[in-house]
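Whenever a hint applies, use it, and build me the whole structure from the sequences.
Note that the protein sequences, when read in sequence, are chains E and H. For the first sequence, this note's numbering begins at 13 and goes up steadily by one. For the second sequence, this note's numbering begins at 130 and goes up steadily by one.
Please keep in mind that the hints were generated in silico from the structure rather than gathered at the bench. Among these hints, one or two may not hold up.
As the list claims (entries may be wrong) - In silico DSBU-like links for lysine-lysine, alpha-carbon gap of 35 angstroms or less:
(1) Lys205/H <-> Lys69/E
(2) Lys56/E <-> Lys197/H
(3) Lys56/E <-> Lys237/H
(4) Lys56/E <-> Lys205/H
(5) Lys69/E <-> Lys197/H
(6) Lys21/E <-> Lys186/H
(7) Lys210/H <-> Lys197/H
(8) Lys26/E <-> Lys205/H
(9) Lys21/E <-> Lys197/H
(10) Lys197/H <-> Lys186/H
(11) Lys26/E <-> Lys197/H
(12) Lys197/H <-> Lys237/H
(13) Lys26/E <-> Lys186/H
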Amino acid sequence: NAGVTQTPKFRILKIGQSMTLQCTQDMNHNYMYWYRQDPGMGLKLIYYSVGAGITDKGEVPNGYNVSRSTTEDFPLRLELAAPSQTSVYFCASSPSADNSPLHFGNGTRLTVT
Amino acid sequence: GQNIDQPTEMTATEGAIVQINCTYQTSGFNGLFWYQQHAGEAPTFLSYNVLDGLEEKGRFSSFLSRSKGYSYLLLKELQMKDSASYLCAVRRPGGGNKLTFGTGTQLKVEL
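In structure tokens, the structure reads:
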């Protein structure tokens, strides 16, 4: 099992450009998440999904969009990149049981200049 | 809302024991997780507590007191590879298994 796979690993965007961060998992987990991690800050939840076709906002959703057309994939879309979106983005998945830990991908380091 | 506090940095000696504290003030509580994160890598799961008391897993143990809003992670027989950031996370009420993370404690293990 590959677990949670994120692409790309690194990306530099110019202000106003758009891009999609890809995330796929092969563990058949119902729940998937996108977090961002900034230096000195905790991981912040951007969006999450409890199953295919269902998504919901987390703490910091502004400037992002998601979709969940399949159980495996949960892409994150940045439409108009801004310097404030410079961060490390982690995708995670978990089974739907209450005490299940999150399994994280290796992250995407995004710089917007 | 949720507020989670952890010390920013700690230093300990190889072979020693270190305790990393986490306090939380939340509008609801459905369990507390500890994760380890090495520099430039993804967080990895260490432990989960939902009831009061101590959970032991090899060299790592985690304690929870719900009445005090307090948890700690205990690392015994420290090794150099334990140098990492340790993240405390509280699971929010409601569905979706959503976690609120603290800012993490950077542990440095020295010879």
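A quick look at each hint next to the structure:
no.	hint	result
1	Lys205/H <-> Lys69/E	violated, 39 angstroms
2	Lys56/E <-> Lys197/H	holds, 25 angstroms
3	Lys56/E <-> Lys237/H	holds, 24 angstroms
4	Lys56/E <-> Lys205/H	holds, 30 angstroms
5	Lys69/E <-> Lys197/H	holds, 30 angstroms
6	Lys21/E <-> Lys186/H	holds, 32 angstroms
7	Lys210/H <-> Lys197/H	holds, 31 angstroms
8	Lys26/E <-> Lys205/H	violated, 47 angstroms
9	Lys21/E <-> Lys197/H	violated, 40 angstroms
10	Lys197/H <-> Lys186/H	holds, 23 angstroms
11	Lys26/E <-> Lys197/H	violated, 47 angstroms
12	Lys197/H <-> Lys237/H	holds, 28 angstroms
13	Lys26/E <-> Lys186/H	violated, 46 angstroms
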